[in-house]
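Peer 1: Sequence:
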Amino acid sequence: MGDLLLRECRIVPLGDGEAAPAGGEPVDVLVRDGRVAEVGSSLTRPDGVEEVAAGGRWLAPGLWDQHVHLGQWTLTRQRVDTAGVGSPDDACALVGALVSASPGHPVIGWGHRPGVWARDATVAELDAVSGVTPVVLIAGDAHHAWLNSAALAALGLGARDDVVRENEWFAAYERLTRLTGDDGTGAPAYRASLEDAAARGVVGLVDFEFTGGAAEWVERWGAGCDLLRVRMATYAEGLEDVIAAGLRTGHPLDGDGRLVMGSLKIISDGSLNTRTAWCCEPYSDGDRLPYPSGAANLAPHELQALLARAHMSGLTVATHAIGDAAVAAALDAYAATGATGSVEHAQLIARDDVARLAALDLRASVQPSHLLDDRDLTELIWPGRGDRSFAFRWMLDAGVRLVLGSDAPVSPLDPWLSIAAAVHRSADDRDPWHPEHALTPREALAASVDEQPTVGVGSRGDLALLDRDPLAPAPADRYPPDRDPADRDPAADLRAMTVALTVVDGDVVHRTL
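Taking the numbering used here, the leading residue of the sequence shown gets 388, the next gets one more, and so forth.
It is possible that part of the hints are untrue.
[Stated by the list, open to error] Label-pair ranges, simulated between beta-carbon atoms:
id : residue 1 : residue 2 : range
1  : G611      : G644      : 15 to 21 angstroms
2  : E555      : G410      : 56 to 62 angstroms
3  : E405      : G442      : 30 to 36 angstroms
4  : R422      : G573      : 32 to 38 angstroms
5  : G845      : E668      : 45 to 51 angstroms
6  : G427      : H688      : 55 to 61 angstroms
7  : D420      : A484      : 26 to 32 angstroms
No wet-lab data here; the hints were simulated from the structure. Computed from a predicted model, the values in this text were never measured in an experiment. For glycine and all other residues, C-beta sits at the position ideal for the given N, C-alpha and C.
Between the sequences and the hints, there should be enough to build the whole structure, so can you do that?
Peer 2: Shown next as structure tokens:
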């Protein structure tokens with residue numbers, strides 16, 4: 388825990404209708420032992436406390452990303468970017484060029500969105516351009532991968548001419564090191580990811596990585612990754628080990644209160660891109676799917692058993708549920724077991740289930756930046772359901788505890804991208820998509836700070852000092868002199884937010900001052 392005195396900063400109000408403290412005038416903020424101890428004018432600097440001149444910048448609670456796969460995000464920063472690939476033919480051309488340039492060197496790609504492709508991809512066509520060089524192309528939703536025969540064999544997967552989906556892919560993912568050797572997720576690579584997050588004002592994240600566990604995080608922490616707050620989740624296969632180790636949600640993993648045990652993570656259905664999210668109605672092309680409405684990954688009794696086991700053992704539960712049927716089943720399981728925690732994604736939801744979310748006091752952990760990617764696909768394969776997709780306004784108005792995240796690497800680990808998407812619901816020249824569900828900048832920011840209040844005495848010493856007011860339009864001098872004020876892009880302004888100082892537990896972890 389650290390001590391810090393910030394001179395002349397303007398505190399950003401987060402409460403609904405709350406006025407800026409001190410009328411928006413600059414104040415000093417003193418942090419002692421990791422907590423805000425004083426707020427006022429011309430505070431006395433205690434001996435030995437670092438002093439930083441904020442220069443009238445804006446001070447908010449530090450930002451959190453409530454849904455990250457940190458190992459995959461770290462790896463994605465080093466992988467072949469396939470986000471711009473528009474068809475199987477384009478993908479094969481890219482792979483062919485990479486294999487020709489480095490024969491025998493495995494190709495690991497990430498980011499393509501085959502849900503909008505005109506046809507399905509095949510293993511045979513990937514084999515034709517890659518030969519014996521292993522190729523693994525992971526879809527941007529992380530729920531399936533397109534592998535060639537060499538990669539299928541290396542990862543112990545059976546021969547096929549289709550992609551590897553859902554649970555089979557999740558189980559195979561950790562075996563990628565058979566192809567890559569050093570998998571690129573050592574402590575220095577993790578540290579670089581954490582530093583990048585800190586530069587965006589992030590003070591904490593919830594890590595839902597599929598592989599590893601508490602012992603790996605403790606080792607990583609001791610090797611220099613002790614920068615931000617981290618809540619580490621476990622999956623069902625590691626649940627009994629976590630319980631046997633005496634770990635409970637919120638318990639420190641190594642004596643440092645910044646690295647703690649998080650939730651049991653359950654993936655109860657699939658994803659939109661793979662058409663495996665479990666819905667109450669069929670997909671528009673459901674006639675060609677093995678499960679026309681998607682399907683649950685767990686039977687109701689299996690889901691309830693996992694929630695009950697976690698709950699009785701002192702663990703909260705984070706349940707992935709994208710389709711409306713999956714959300715309803717998750718809520719049934721929480722109600723039946725008394726378990727607490729979150730519904731992750733809740734991408735499609737019935738109005739009545741929004742009220743149930745609120746009544747059960749569960750967090751809705753949502754990823755607004757997904758709507759930028761899924762807008763067109765939703766209209767294509769969930770026709771007529773857009774008004775129930777990413778229904779953030781319903782949730783807030785019903786009193787749901789709304790928190791934002793990225794699901795990195797499905798979307799970038801960038802809270803300002805998420806905030807902008809929640810507010811403007813568009814990332815291009817088109818009108819906002821279902822603007823009736825848009826949040827205000829204040830609401831989106833409040834949903835990004837781990838349910839912390841406006842900075843004040845007693846607040847955590849987790850802070851983000853911003854270069855401009857996040858609740859107001861960018862100043863005119865940010866634009867060319869001949870730019871019509873009506874043509875300003877507020878979404879771009881939010882995405883371009885810069886952070887002068889990030890503070891975790893009273894210690895500065897990022898600065899440009």
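Peer 1: Determine for every hint whether it applies to the structure shown.
Peer 2: Verification of the hints:
The beta-carbon spacing between G611 and G644, approximately 18 angstroms, falls within the hinted interval of 15 to 21 angstroms. The hinted range of 56 to 62 angstroms is satisfied by E555 and G410, whose Cβ atoms lie roughly 59 angstroms apart. The beta-carbon spacing between E405 and G442, approximately 24 angstroms, falls outside the hinted interval of 30 to 36 angstroms. Evaluation of the 32 to 38 angstroms hint for R422 and G573 yields a pass: the beta carbon distance comes to about 34 angstroms.
As the Cβ distance of G845 to E668 is approximately 48 angstroms, the hint placing it in 45 to 51 angstroms holds. Separated by about 57 angstroms at the C-beta atoms, G427 and H688 satisfy the suggested range of 55 to 61 angstroms. For the pair D420 and A484, the supplied restraint of 26 to 32 angstroms is violated, since their beta-carbon distance comes to about 56 angstroms.
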